[in-house]
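Visitor: Chain by chain, the residues:
2 protein chains.
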Amino acid sequence: MDNNRPIILITNDDGYEADGITQLTEVARQHGKVVIVAPEQQQSGKSCAITHSVPLRMRLVSESDDITIYACNGTPVDCVKLSLYTLFRERRPDLVISGINHGSNASVNAVYSGTVGAAVEGCVNKISSIAFSSLQYDKKLDLGNVLPIISQIIEDVVRTPLPLGTLLNVNFPVGEVKEVRFCRQANARWSEEYVPHDTDSFLLAGEFYNREPDAEDTDEWALSHHMASVVPLLVDRTDYNYLHKLNYKYGR
Amino acid sequence: MDNNRPIILITNDDGYEADGITQLTEVARQHGKVVIVAPEQQQSGKSCAITHSVPLRMRLVSESDDITIYACNGTPVDCVKLSLYTLFRERRPDLVISGINHGSNASVNAVYSGTVGAAVEGCVNKISSIAFSSLQYDKKLDLGNVLPIISQIIEDVVRTPLPLGTLLNVNFPVGEVKEVRFCRQANARWSEEYVPHDTDSFLLAGEFYNREPDAEDTDEWALSHHMASVVPLLVDRTDYNYLHKLNYKYGR
Chain A
443 MDNNRPIILI
453 TNDDGYEADG
463 ITQLTEVARQ
473 HGKVVIVAPE
483 QQQSGKSCAI
493 THSVPLRMRL
503 VSESDDITIY
513 ACNGTPVDCV
523 KLSLYTLFRE
533 RRPDLVISGI
543 NHGSNASVNA
553 VYSGTVGAAV
563 EGCVNKISSI
573 AFSSLQYDKK
583 LDLGNVLPII
593 SQIIEDVVRT
603 PLPLGTLLNV
613 NFPVGEVKEV
623 RFCRQANARW
633 SEEYVPHDTD
643 SFLLAGEFYN
653 REPDAEDTDE
663 WALSHHMASV
673 VPLLVDRTDY
683 NYLHKLNYKY
693 GR
Chain B
443 MDNNRPIILI
453 TNDDGYEADG
463 ITQLTEVARQ
473 HGKVVIVAPE
483 QQQSGKSCAI
493 THSVPLRMRL
503 VSESDDITIY
513 ACNGTPVDCV
523 KLSLYTLFRE
533 RRPDLVISGI
543 NHGSNASVNA
553 VYSGTVGAAV
563 EGCVNKISSI
573 AFSSLQYDKK
583 LDLGNVLPII
593 SQIIEDVVRT
603 PLPLGTLLNV
613 NFPVGEVKEV
623 RFCRQANARW
633 SEEYVPHDTD
643 SFLLAGEFYN
653 REPDAEDTDE
663 WALSHHMASV
673 VPLLVDRTDY
683 NYLHKLNYKY
693 GR
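If you're matching them up, the sequences are chains A and B in order.
FYI, in the numbering used here the residues of the first sequence are 443 to 694.
FYI, in the numbering used here the residues of the second sequence are 443 to 694.
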């Protein structure tokens, strides 16, 4: 094994057999040795959830020279944590990539996303981390010219690691991508979030509501104009502006 | 019912019967009509996870003039979402408060916390939201002078709502609190995160590692010096500094 080759840890929230992670792996293997540690099953909407009280295990699915695949019974964050603890004690991954998610993780979806959650966890551990998502929900993703863009982003980040504490949240529109835009997270929420299931229970549903559809610097705007959106996200959520105001008003 | 009284939605991640939520309710009822919608069972470490594919229900536990209690089979974020959809369609809560969590949600713990997750969800819905946590893990919380501080914070936020998109993450040290500090989130992580369970499985454990123990402006520093920490957190995680750099380097 070439010890200078980057090690790329891949995970997702759709499960290790999903089409998105398979296509992402085909791109990533051009840039380094790939280790997949991904959920046994669907873990969508798990955000940065961690599993306690339930024993976690990793099952070796397959192993070859440049791709090793494990399935883990935990959340996306568990996959990152447990693999760092078990597989990467001597040499840590150079990159954590998560996805390609089947469905949007732009704007407020990033809050709930397990795909983004896994990238947050890589970032907490000081590893350059990227979440990739497609706005397609289909089981098979028709990715057009998305894969060369992913390849370019991986190459850029392997060459120039991300700032500590910053991850990338990358989303792709359906169909051809005209351009890649660096954006901020749009201000949005979900509304009418449930449908009745029976007399006293409800299933999650809902409509996406973008509070600023005309804001051209947002991920949602880019995606609705056939552009890929790249949003740098922080692990540190501190609102420094308001912190300064609070300290001015009440503080020392 | 006095329609001018504030409506306060209370939730947590330790379950509706936990001591922390009971003590928080006793304080909150002095400031408004309280509706508790909290998990049936322990939901620690759920972050902003949401439940899809499984029907969610709310069970009315008890009802009086000023406190109504529901138990919900979902995550803390589900509790907020489902109650907004079912109970608060005509008049929304004036405040969402979450806690008092049994255990720290300072620094990186906020990433994984269901208590903080619920407050994030309130904030996504433009409701002033506060997460309260105690560094005590005990089943019964010995809160000393914490409750008057919580009362003051609730009073302040009812009078002056938080900026849209900003929530408060409040943590209390064990024992008496000398002072309340406005802080930033400390840069920390967990290390050595698992212990073997059997030959091929692991249980979450780990040691908290603060990367900046001497930084006096952090929540961890305040908490280790007998102070309560108040950290304003943003829903919008965009790293605007790095976004500007990316646009300067590659962008339009």
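Read the hints as simulated data drawn from the structure, not as lab findings.
Ideal Cβ positions, reconstructed from N, Cα and C, are used throughout, including at glycine.
Check before you lean on any hint, since a few could be wrong.
As the list claims (entries may be wrong) - Listed next, the in silico DSSO-like pairs over lysine-lysine satisfying Cα-Cα at most 30 Å (straight line):
{"no.": "1", "chain 1": "B", "residue 1": "LYS620", "chain 2": "A", "residue 2": "LYS691"}
{"no.": "2", "chain 1": "B", "residue 1": "LYS620", "chain 2": "A", "residue 2": "LYS687"}
{"no.": "3", "chain 1": "A", "residue 1": "LYS582", "chain 2": "A", "residue 2": "LYS691"}
{"no.": "4", "chain 1": "A", "residue 1": "LYS620", "chain 2": "B", "residue 2": "LYS687"}
{"no.": "5", "chain 1": "A", "residue 1": "LYS687", "chain 2": "B", "residue 2": "LYS581"}
{"no.": "6", "chain 1": "B", "residue 1": "LYS687", "chain 2": "A", "residue 2": "LYS568"}
{"no.": "7", "chain 1": "A", "residue 1": "LYS568", "chain 2": "B", "residue 2": "LYS691"}
{"no.": "8", "chain 1": "A", "residue 1": "LYS691", "chain 2": "B", "residue 2": "LYS568"}
{"no.": "9", "chain 1": "B", "residue 1": "LYS687", "chain 2": "B", "residue 2": "LYS620"}
{"no.": "10", "chain 1": "B", "residue 1": "LYS582", "chain 2": "A", "residue 2": "LYS687"}
{"no.": "11", "chain 1": "B", "residue 1": "LYS568", "chain 2": "A", "residue 2": "LYS620"}
{"no.": "12", "chain 1": "A", "residue 1": "LYS475", "chain 2": "B", "residue 2": "LYS691"}
{"no.": "13", "chain 1": "B", "residue 1": "LYS475", "chain 2": "B", "residue 2": "LYS568"}
{"no.": "14", "chain 1": "B", "residue 1": "LYS620", "chain 2": "B", "residue 2": "LYS582"}
{"no.": "15", "chain 1": "A", "residue 1": "LYS691", "chain 2": "B", "residue 2": "LYS581"}
{"no.": "16", "chain 1": "A", "residue 1": "LYS620", "chain 2": "A", "residue 2": "LYS582"}
{"no.": "17", "chain 1": "B", "residue 1": "LYS581", "chain 2": "B", "residue 2": "LYS620"}
{"no.": "18", "chain 1": "A", "residue 1": "LYS581", "chain 2": "A", "residue 2": "LYS620"}
{"no.": "19", "chain 1": "A", "residue 1": "LYS691", "chain 2": "A", "residue 2": "LYS620"}
Unchecked claim - What the simulated footprint calls covered on chain A by chain B, stretch by stretch (three residues with Cβ under 8 Å from a Cβ of chain B suffice, anywhere in the stretch; the number is not a length):
{"no.": "20", "region": "484 to 495"}
{"no.": "21", "region": "571 to 585"}
{"no.": "22", "region": "675 to 681"}
Visitor: If you draw a straight line from the CA of LYS620 (chain B) to the CA of LYS691 (chain A), is it 30 Å or shorter?
Guide: holds (19 Å)
Visitor: Holds or violated: LYS620 (chain B) and LYS582 (chain B), Cα atoms, limit 30 Å.
Guide: Judged against 30 Å, a Cα distance of about 22 Å means the pair holds.
Visitor: Within a Cα-Cα threshold of 30 Å, do LYS568 (chain B) and LYS620 (chain A) meet the stated pairing?
Guide: violated (34 Å)
Visitor: For a C-alpha distance cap of 30 Å, please report whether LYS620 (chain A) and LYS582 (chain A) respect it.
Guide: Since the Cα atoms of LYS620 (chain A) and LYS582 (chain A) sit roughly 22 Å apart, the hinted pair holds (cutoff 30 Å).
Visitor: Take the C-alpha atoms of LYS581 (chain B) and LYS620 (chain B), compute the straight-line distance between them, and say whether it is at most 30 Å.
Guide: Holds - the C-alpha atoms of LYS620 (chain B) and LYS581 (chain B) are around 24 Å apart, at most 30 Å.
Visitor: Is LYS687 (chain B) close enough to LYS568 (chain A), meaning Cα to Cα at most 30 Å?
Guide: holds (20 Å)
Visitor: Are LYS568 (chain A) and LYS691 (chain B) close enough, with their CA atoms no more than 30 Å apart?
Guide: Judged against 30 Å, a Cα distance of about 23 Å means the pair holds.
Visitor: Does the structure keep LYS475 (chain B) and LYS568 (chain B) at a Cα separation of 30 Å or less?
Guide: Given that 30 Å is the threshold and the Cα spacing comes to 19 Å, the pair holds.
Visitor: Check the hint pairing LYS687 (chain A) with LYS581 (chain B) against an upper bound of 30 Å on the C-alpha distance.
Guide: Between LYS687 (chain A) and LYS581 (chain B) the Cα gap is close to 36 Å, so the pair fails against 30 Å, i.e. violated.
Visitor: For the pair we were handed, LYS620 (chain B) and LYS687 (chain A), check the Cα-Cα distance against 30 Å.
Guide: holds (22 Å)
Visitor: Three or more residues of the region 675 to 681 of chain A near chain B by CB distance under 8 Å?
Guide: holds (count 7)
Visitor: Compare the distance between the alpha carbons of LYS691 (chain A) and LYS620 (chain A) with 30 Å, and conclude whether the hinted pair is satisfied.
Guide: violated (48 Å)
Hint violations for this structure: numbers 3, 5, 9, 10, 11, 15, 19 and 21, all remaining hints satisfied.
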